[in-house]
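Q: Based on these hints, arrange chain B on the given structure of chain A.
Read top to bottom, the protein sequences are chains A and B. Everything in the first sequence is counted per the numbering used here, starting at 1 for the first residue and increasing by one. Everything in the second sequence is counted per the numbering used here, starting at 1 for the first residue and increasing by one.
The hints are simulated quantities; they were obtained by calculation from the structure and are not laboratory data. Heads up, a few of these hints could be off.
A few chain B positions that, by computed beta-carbon distances, are all more than 10 Å from chain A [what the hints assert, rightly or not]:
(1) Ile16
(2) Leu33
(3) Phe40
(4) Val47
(5) Val166
(6) Tyr174
Only part of the chain B face toward chain A is listed, based on derived beta-carbon distances under 10 Å [claimed, not checked]:
(7) Asp147
(8) Ala152
(9) Tyr155
(10) Phe237
(11) Arg248
We treat Cβ as the ideally placed atom computed from N, Cα and C, and that holds for glycine.
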Amino acid sequence: MAAVTMHIAIRCKEYPKRKGVPARRILENFDLHLQPGETCAIIGPSGIGKSSLLQIAAGLDRDFDGAVSERPAPVGYLFQTSRLLPWLTALQNLEIVLPHAPEKAPHWLSRIGLEEAAHVYPAHLSVGMARRIALARALCIEPRLLLLDEPFTALDRETARSMQSLVREEVARLGATLLIATHSWSDVAALVERTVTLGGSPAGIVSDSPLLQRRAAE
Amino acid sequence: MTEGIRRWQSFPSVFILLALWQALALLIGNRLLPSPLVVFSTLAQEVSNGELPFHLSFSLARVCIAFTVAMLIGTAIGLTLGLSERVDQWFYPWLVVFLNIPALIVIILTYIWLGLTEAALLIAVAANKIPSVAITLREGTRALDRDYAEMAQVYEFGALKTLRAVILPQLSPYLFAAARNGLSLVWKIVLVAELLGRSNGVGFQLQTYFQLFDVPRVIAYATAFVGCVLVMEVGLFMPLEQLMGRWRR
Chain A
1 MAAVTMHIAI
11 RCKEYPKRKG
21 VPARRILENF
31 DLHLQPGETC
41 AIIGPSGIGK
51 SSLLQIAAGL
61 DRDFDGAVSE
71 RPAPVGYLFQ
81 TSRLLPWLTA
91 LQNLEIVLPH
101 APEKAPHWLS
111 RIGLEEAAHV
121 YPAHLSVGMA
131 RRIALARALC
141 IEPRLLLLDE
151 PFTALDRETA
161 RSMQSLVREE
171 VARLGATLLI
181 ATHSWSDVAA
191 LVERTVTLGG
201 SPAGIVSDSP
211 LLQRRAAE
Chain B
1 MTEGIRRWQS
11 FPSVFILLAL
21 WQALALLIGN
31 RLLPSPLVVF
41 STLAQEVSNG
51 ELPFHLSFSL
61 ARVCIAFTVA
71 MLIGTAIGLT
81 LGLSERVDQW
91 FYPWLVVFLN
101 IPALIVIILT
111 YIWLGLTEAA
121 LLIAVAANKI
131 PSVAITLREG
141 TRALDRDYAE
151 MAQVYEFGAL
161 KTLRAVILPQ
171 LSPYLFAAAR
181 NGLSLVWKIV
191 LVAELLGRSN
201 GVGFQLQTYF
211 QLFDVPRVIA
221 YATAFVGCVL
231 VMEVGLFMPL
241 EQLMGRWRR
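Bound conformation, chain A alone:
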């Protein structure tokens, strides 16, 4: 089967009026084509709509004027918060997304250096540890589309580097499409070939720079 391009087209994304907060248009005339295996960072100031864009790309938010076509599957998504199920241990949080291959879960814990936390509940993990487990959860399903929302903000520099190389390795091995929302030029330099910068209000694409930003950062 021929590889097809994922297309995210948003004519308008609006937050509806809610309890005294007026309706707000956040994204407008956003149009992004992603080739299979392409790695792309969405950059822009806080609150501009980067996370909303990832929600739309994942198919979680359908309340917008536009369409997402040819979304690769399965989707691995590292949310802005870890969203580990608090009543499951670290190991069980991985096993639950691997119903056909739960035996892979311990291997993934060792890949993120947390095999000793296998039977620990998320309430007893640090934010950084929970983040790494959430990243392992996104990767262990062998995603064809990987969405990362501010992935390494809670990690120290060294751990962030090792997680970046894990992501780079897996994305290359799987030929997955990577879309990452970040403020970090280190993430951009380590992980992507293309940067899309959001700006304005409502936000739209102000620059789309294949390779250039990465080279600058390097």
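A: Chain B alone, transformed into the frame defined by chain A:
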């Protein structure tokens, strides 16, 4: 301090309650308020002649069946209302109406419509409890964390797995609250329903001893029943709650 030690520390309070009871019995007089000793000897007598186990078993069976039915139906209704705003808009007022119908009226009407039968009793008791279970579970469902539901959607959990792994664990405090309140309400309603329309069970016995003004036996039967409910609380609800909540910090 461990949970076990804390639990044992509440035992002296039971003895204080017994001492208060004894003091009140001495003050009021044995005829109106028999002492704990008189009640416990009456209890032993009723156990040895087989009367209490016979009637208690009927009442407990009714409590278990009505409670289970009420929990299942109430949970299903609560989940449906909590998950669907449209269904909630239509049927929540019904729930409020049923919640406010006095238990006695439901029992009387059910006996009139279905006759003085076992099924009528069970339906009446369950019908009294269903609205409050539904309301509690509706609130719980409305408080579900959407973040986990989105995670389940991304990782393609499907409906059953989402219910089992995402929704029910979040609802467990609400389920326990509904179960606890449910049990305490159900056994009281069962006694009233037995008193009004059955020829066995603790409620029936209480009516008989009320007519005979036999206060020790009234209290003995009530004590036995409360004891059974306490055993359920300590032997079932508390360990289950501890097991379900072991992930909390």
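Q: If a hint holds in the structure, say so; if it doesn't, say that too.
A: Verification of the hints:
no.	hint	verdict
1	Ile16	37 Å, holds
2	Leu33	48 Å, holds
3	Phe40	43 Å, holds
4	Val47	42 Å, holds
5	Val166	7 Å, violated
6	Tyr174	14 Å, holds
7	Asp147	5 Å, holds
8	Ala152	9 Å, holds
9	Tyr155	5 Å, holds
10	Phe237	18 Å, violated
11	Arg248	6 Å, holds
Violated hints, in rising order: 5, 10; the structure is consistent with all others.
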